[in-house]
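The listed protein sequences derive, respectively, from chains F and A. Just so we're aligned, residue 503 is where the first sequence starts under our numbering, counting upward by one. Just so we're aligned, residue -19 is where the second sequence starts under our numbering, counting upward by one.
What the hints contain is simulated information worked out from the structure, not anything from laboratory work. Among these hints, one or two may not hold up.
[What the hints assert, rightly or not] Lysine-lysine pairs mimicking DSSO-like chemistry, simulated, CA-CA at most 30 angstroms apart: (1) A/Lys215 <-> A/Lys236; (2) A/Lys232 <-> A/Lys215; (3) A/Lys114 <-> F/Lys760; (4) F/Lys740 <-> F/Lys816; (5) F/Lys760 <-> A/Lys215; (6) F/Lys760 <-> F/Lys679.
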Amino acid sequence: MAREETAVPTPRRVIPDGCNMGVLLRVIGTVVALAAVAAVADSTSAGDALKGLLRTMSFAAPTTLATLMLWCAARRSLPVLGVPLQRLIAWLIPAVLAFLVALGFGAPGGAWSALAHFGAAFALGAGFQHYSELRERAFSPAVVEAKYQALQSRIRPHFLFNSLNAVLSVIRTEPAKAERMLESIAELFRAVMADTRRLVPLEQEIELCRNYVEIEQTRLGNRLAVDWQIGAYHPRAKVPQLLLQPVIENAIRYGAEKLAGSADIVVRVRQHGFVLEIFVSNPIAPGRPEREGNQIGLANIRGRLALIYDLEAKVETLVRRDRFELTMTLPVERRT
Amino acid sequence: MLNVMIVDDEPPARARLGQVLRDCSEQVSLQVIGEAEGGIRGLEEADRLRPDVVLLDVNMPDMNGIEVARHLAQRQNPPAVIFVTAYDEHALEAFEVQALDYLMKPVRAERLVAALARAERFRTNEPRIEELAKTIGAVRSHLTVSERGRMILVAVEEIVYLRAELKYVTIKTQTREYLTEESLTSLEAEFGDRFVRIHRNALVSRSAILGFQRVRGSVDDDGEASEGHWEVLLKDVAERLPISRRQWPTVKAAAKV
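Model the full assembly from the supplied sequences, consistent with the hints where possible.
Below is the structure:
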């Protein structure tokens, strides 16, 4: 599977990327700010503070720039080393440089001063390396990918086994129907296994849902009726794959499956301007709303929409007269 | 000849079990004597048809298979029960522990034959099925009440109060009263969410509580003084039940929720 290829571990690089503009600016900013604070704390007048800052920067600047260059080079050539060793090297680079610069510039205090510089630079370097490592981890593609993976739709085992059972029940009496059902199940699986960030034509998603409902209708018999109200939408409108199916699945799960009588589910799709509105409503058992499970499914749909559309998509729910209503609005993608 | 009954809410699932049972009939002498499309209907049919074996779906909307089995186990000479499930969230392990037989959908003919052969040995008995229900925290939707040899189901939703008498517990609904041999303590343990104890001998449905009334203390003709106490007013039932002083804070708190 393609997904497994990306899972091949690349050696982790934990030395900050000194050539990256963001890292460069953050490091220089931090050093200047610290030097300024030290200079002000140590001063008696504004001129005194400025002089102090310049004096500190005269050796802090070359140390910092050299550190960034060495980090940049080490990051590219050393990832073969273990992570702890990489960290140690990242901490030692500024410390050793500061030590050498302090000795070379003949800082007052001699060897003691050089050691103090070593210690301070070591602490600063370690602090920044740690921050940078955490930051990279938070924004790494693997983490974002994992978030999508967690939100990816899954086939409920209950649905899978029951629908396979339903196929088996008609295989002898209605082979053609069994064939159609297996085709629909295969299509559903294809969609579930694909990346759900993929945009597909709205028409295709609706077709998938109709096939899905057909399987459920075979299973639940006359306990499930779906009223499709598909209005006009742009012929090239695209939506994230499996946008509508989980909503309908929820409606069936908490409507038809849990109700002894028959359940009518309404699915309405229409477009206003650049906004697509999807509305699904299902009956719920009076008195004992099984809201909890429903909310888990909903949180998943909300999470996916937020990752794809940020604030442009909205999901609203309402319980009214023993019916659960969901309205989802999202911008229509019209990429060709 | 084994008389088999199928209880499942999904028509294709019943049809499929019927087919597989027919396939099995060459190896095991059996006949399908009935089908039911829900738990409550299944119980009625089982009482009418008296099958030897019931193939019982676990997930059904009106009454789940485990509860059906609990009610069946209270019958005299209960049928053997084989649970059938598509995928059961947490009950499977409990089935194993209690040595209750189960099959996974889609059901294979060989497995079904083996299960039917074992049916006698695995005959569901009350302690085992009760133990199972306790393990998975199952709460019944109905109580079984025996009345002149007939088994009647009383929906727990309709119960107004449960009151312990000398030997039995009275079940009071809006329309009538029943007696059960179950203890008030075990009923409280199972339905504690729905009922609140108002007295050493009574549980009242939270949703049936209309309000409370204070009864003044009095001195009767013989000079016996009685202390004042609270009584609970009930929806659609004129009768008032006394609240013990010990339970009053609990009842008051429960009514506020």
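Hint-by-hint comparison with the structure:
1. A/Lys215 <-> A/Lys236: Answer holds: A/Lys215 to A/Lys236 is near 16 angstroms, not above 30 angstroms.
2. A/Lys232 <-> A/Lys215: This hinted pair holds, its Cα atoms lying about 17 angstroms apart.
3. A/Lys114 <-> F/Lys760: Measuring from Cα to Cα gives roughly 23 angstroms; hence the hint holds.
4. F/Lys740 <-> F/Lys816: 17 angstroms, holds
5. F/Lys760 <-> A/Lys215: Roughly 28 angstroms between the alpha carbons, so the hint for F/Lys760 and A/Lys215 holds.
6. F/Lys760 <-> F/Lys679: 26 angstroms, holds
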